[in-house]
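Q: Spelled out, the chains give:
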Amino acid sequence: MLLTRVLQIALTLAILSFCAFALIALMPGDPIEVAIAGDPRLTAEDAARLRALHGLDRPFPERYLAWATGLLQGEFGYSRLFAQPVAALLGPALLSTVALAGSALTIALALGIALGALSASRPRTAPAVDAIAVMGQAMPTFWLGILLIIAFAVTLGWLPAGGVAEAGAGLHYLVLPVATLAIAHLAAYARHSAASLEATLTEPWIRTARARGAPERIVLWRHAFPNAALPVLQIAALDAGALAGGALVTETVFARPGMGKLLYDAVMGNDTNLALVALLLVALVTMLATLAADLAQRALDPRLRER
Amino acid sequence: MTRLRLGLAILLLLALAAAAAPFVAGALGHDPFAPDLLVRFEPPSAAHPLGTDDLGRDILTRLLYGARVSLAVGLAAALAATVIGTAAGVFAAWRGGAADALVMRLADFMLALPALPLLVLLAAADPSRIGLPARGEATGDVLRIVVILALFGWIGVARLARAAALTTLSRDHVRAARALGATEARVLCRHVLPALLPPVAVATALAVAGAILAESTLSFLGLGISPPAPSWGNMLANAQELVFSAPWAAVWPGLAIMVTVAGCTLVADGLRGRRRGG
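The listed protein sequences derive, respectively, from chains H and X. Position 177 (the first sequence) corresponds to 176 in numbering that gives the first Met the number 0; numbering is contiguous. Position 66 (the second sequence) corresponds to 65 in numbering that gives the first Met the number 0; numbering is contiguous.
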């Protein structure tokens, strides 16, 4: 199973790299055109010489193969926008995004499950939790970010509106972005854990536990929750792609130099090489996260292992 | 059913508001596109019920004109996704075998990838290179975003349509129709398609919600509908630059997006007949 999944990921990346490379050919301006626009003294001969130097005059399949072989050998090329090797940009950006998305996911899961449990165990709170969940899912992430900036950075002045600390951990720079991303995702977890817990609480073994005199707290968290948690975990696994997208938007709103912002800046700045490598890396990490969540689910649920 | 009614009421109100945009603009005497630099950053007042932006344009009129763009893009993208998705799902279920595997592998491939980073890359591509209108032209922008969103939106519809079509195709009344000599086209149109209506309606409502959110995100990132044409997303992009001078400008477009998407979700929930989840 694991081997198949890894092969699937490799195949998906190969197809994606080809499609994206082909698409980049449609992006406005090839690097040489940009260079001409930046330096009017460049002549047509110079342009032709530069194209030949960078291999841009070669046919498309040949360029793709050369680029893909380079990637496989660990040559990520150079970023025109940041004037640095791409490999040097990826590490810090990936770390920043993992810190952001990881803390947001943890908080979203904890709060979402708590809200779901509240809704399932106290039916009077269900409409309120439901309304919060519907609104949370309908709220655009970037709007939430702007509102938090207006409230906590502009009006109250408690937290920075964006950016990262120049030195040190800079945890207070993380608060608003993590809150934004966590609130955007907890709604789905609240909805699903409420539905899943409600369904589980009607099972016969729950009635047995209650008949035995188990306190409601034990019934909810020890008997119902482990069973109800599996569908929520499945949603979390499917959510990896959405989290990557949410991180892109959040990083853009808060000017955090993570993978999403790197990809966005590369796309906006016509830095095709950086854009391609960043996209492939984001896709790889997303698929690995989905795989990890699937494996965790399999480890927790013996019924899945037998299939 | 109350959810369905509430959702439909919300969407109806929004449609009316979008339709009323020229009348409101006329009554207030504002042009949503023309800058008026003497009234920049006006807080809400009688003349400008929601205030003005950095170019002195009335936010209420822009919001209403933006509703036309955002709703049109959302509906068009969702309808395109529904048509493509239903066709692909029914085709996969009906042909089975290699065709089924091909369609479903394609869906799996696209589902495994992070959608928004791909959308960003797609939206930044230059359509004028293949003979389409360039980015930045109003009608070209709308069309471009609709196509890109439909490219991703069909998957959810296709999976639901395929599952429902498989169930229906194995039913006795379909076998009976075939035994009576009905052509395959008749079987698909008269027996399969009507049975698909309930799940596909739910998928379409969710697709509208997803398309409106995606359009606003792309426009916010500067890759969707370009100014001066107002869309809720690009109004928010503008509002983020004004958080210090006109913080009220950020409230309304986001609220409009949230209410619209919540309306679509409520309709989907109501159609599904479930209280929550799923």
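I should point out that these hints are in silico values taken from the structure, not numbers from a laboratory. Predicted model only: the values in this text are computed from it and were never measured. Mixed in with the good hints, there may be bad ones.
As the list claims (entries may be wrong) - According to the in silico footprint, chain H covers these stretches of chain X (three or more CB under 8 Å from chain H):
1) 9-19
2) 101-112
3) 138-148
4) 163-175
To be verified - Here are some chain X residues pointing at chain H (derived, C-beta under 8 Å):
5) V23
6) G25
7) L74
8) L78
9) V82
10) I83
11) L115
12) V119
13) A124
14) T264
Built from N, CA and C at the ideal position, the CB exists for glycine as well.
Q: Taking the numbered hints from earlier one at a time, note which ones the structure violates and give those numbers from smallest to largest.
A: When the structure is compared with the hints, numbers 1, 3, 4, 5, 6, 7, 8, 9 and 10 turn out to be violated.
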